[in-house]
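Sequences listed follow chains U and V, in order. So that you can map any letter, position 151 of the first sequence is 151 in our numbering, and since no number is skipped, the others follow by simple counting. Count along the second sequence from 1, add 1000, and you get the number used in our numbering.
Treat the hints with care, since some could be wrong.
[Stated by the list, open to error] Now the in silico label distances, taken between C-beta atoms and shown as ranges:
id, chain 1, residue 1, chain 2, residue 2, range
1, V, His1163, U, Asp94, 45 to 55 Å
2, V, His1163, U, Asp131, 21 to 31 Å
3, V, Glu1095, U, Asp20, 34 to 44 Å
4, U, Glu95, V, Asp1024, 32 to 42 Å
5, U, Asp131, V, Gly1110, 47 to 57 Å
6, U, Arg109, V, Ser1128, 49 to 59 Å
7, V, Thr1070, U, Asp60, 30 to 40 Å
8, V, Gly1071, U, Gly153, 29 to 39 Å
9, U, Gly67, V, Asp1094, 50 to 60 Å
10, V, Ala1042, U, Ala102, 45 to 55 Å
Calculated directly from the structure, the hints in this document are not laboratory data. Here a beta-carbon is modelled for each residue, glycine too, at the ideal position from N, C-alpha and C.
2 protein chains.
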Amino acid sequence: MGTVVWHVTMSLDGFIAAPDDAMDWVFESWGGPSETANEVIATTGAILMGRRTYEVEDRDRAGIYGGAWTGPIFVLTHEPPDDEPDWLTGTFVDEPIEAAVARAREAARGKNVGILGASVARQCLEQSLVDEIVVHLAPVLLGDGIRLFELPGGRRIRLERTHVSRTAGLTDLRFRVGDDSKEAA
Amino acid sequence: MGTVVWHVTMSLDGFIAAPDDAMDWVFESWGGPSETANEVIATTGAILMGRRTYEVEDRDRAGIYGGAWTGPIFVLTHEPPDDEPDWLTGTFVDEPIEAAVARAREAARGKNVGILGASVARQCLEQSLVDEIVVHLAPVLLGDGIRLFELPGGRRIRLERTHVSRTAGLTDLRFRVGDDSKEAA
Chain U
1 MGTVVWHVTM SLDGFIAAPD DAMDWVFESW GGPSETANEV IATTGAILMG RRTYEVEDRD
61 RAGIYGGAWT GPIFVLTHEP PDDEPDWLTG TFVDEPIEAA VARAREAARG KNVGILGASV
121 ARQCLEQSLV DEIVVHLAPV LLGDGIRLFE LPGGRRIRLE RTHVSRTAGL TDLRFRVGDD
181 SKEAA
Chain V
1001 MGTVVWHVTM SLDGFIAAPD DAMDWVFESW GGPSETANEV IATTGAILMG RRTYEVEDRD
1061 RAGIYGGAWT GPIFVLTHEP PDDEPDWLTG TFVDEPIEAA VARAREAARG KNVGILGASV
1121 ARQCLEQSLV DEIVVHLAPV LLGDGIRLFE LPGGRRIRLE RTHVSRTAGL TDLRFRVGDD
1181 SKEAA
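Just need the whole structure built from these sequences, with the hints factored in.
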């Protein structure tokens, strides 16, 4: 069965979007192909994201991964937009995170479920639903924006580093989410 | 002449201390020696830190780097403690960050100035006084604590990755602070 993979590009100081959801720093940082990203894209069978990530994707309407991936997309939101955009091969869902992940798993048909954005990822982490975190670390400090993970009071989630590689601009890192974190949940 | 090196262990989600300045996750994460850390320690001629980092160091009184380094230490604070602790081979200074860095540079006698802690580092970054950032990335999410870098409204500081290596537990990363950031300052 596929796994649940949180896939994200992050600044060194832990932001996944700059203020006003700006993402230009991501494109500036890449500098060339990433084998890790290509692997993640090739093994993804369905994607689950939140409303805010959807809004960012909806700005350029290029499709997920700039159009490099197509498949079932689920947008978790209490407030679906009135008009479903034509670039989105997906569905707006309003249900508990466990149900949304189960739905995406089924749609992935044995491939992985890709999680995009901080909010859905945080909900998944809180419920121990994430199996792997794939981070493209960008060589930039942003100072403000959307943070990778925050939970007031803190929550230790132990990871196991399984892969490190370099692209022209990025440092690609893969981590398995520790079983102890899952037991503690 | 030596450079100004910000040396830090960071959780994947960008924290350099857990809530209540807890640092146990750092020791849990190391898992073995780090050639990068040894290099940094060997090339450091003086250390500059803030009052909060000093308080953390003062809890175990083992000395900087657990006693693996000795040399001149400057603690930047408006409120020096009444009694100078005997473990501290250093001086409390209350002066602008530029003056404190210049003082540490002179004391380093051609070796590097090591910056410890988030507050002094942020002040140095704002004044373009940091030449290099050395990060030991720990395989853990913390969710809350002291952040590597934050500046409301954001500030882009471009970095150049110069080194990546793995220790048993950590991913060691070195970045040169971009000259364009310095010009923009």
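*Does the Cβ pair U:Gly67, V:Asp1094 satisfy 50 to 60 Å?*
holds, 57 Å
*When you take the CB atoms of U:Asp131 and V:Gly1110, is the distance between them in 47 to 57 Å?*
holds, 50 Å
*Honestly, do V:Ala1042 and U:Ala102 meet the 45 to 55 Å range at C-beta?*
Holds: the Cβ-Cβ distance is about 53 Å, inside 45 to 55 Å.
_Supplied distance hint 30 to 40 Å, evaluated on CB atoms of V:Thr1070 and U:Asp60_ = violated, 55 Å
*asked:* Between the beta carbons of U:Glu95 and V:Asp1024, is the distance compatible with 32 to 42 Å?
replied: For U:Glu95 and V:Asp1024 the Cβ distance comes to about 38 Å; the hint holds.
*Does 34 to 44 Å hold as the CB distance between V:Glu1095 and U:Asp20, or does it fail?*
holds, 37 Å
*Quick one: are V:His1163 and U:Asp94 within 45 to 55 Å, going by C-beta?*
holds, 47 Å
*Please test the hint of 29 to 39 Å on the beta carbon pair from V:Gly1071 and U:Gly153.*
For V:Gly1071 and U:Gly153 the Cβ distance comes to about 37 Å; the hint holds.
_Cβ distance range 49 to 59 Å for U:Arg109 and V:Ser1128, holds or violated_ = holds, 52 Å
*Just tell me: holds or violated, for the beta carbon distance of V:His1163 and U:Asp131 against 21 to 31 Å?*
Cβ of V:His1163 to Cβ of U:Asp131: about 30 Å, so the range 21 to 31 Å holds.
Of the numbered hints given earlier, the model fails hint 7 alone.
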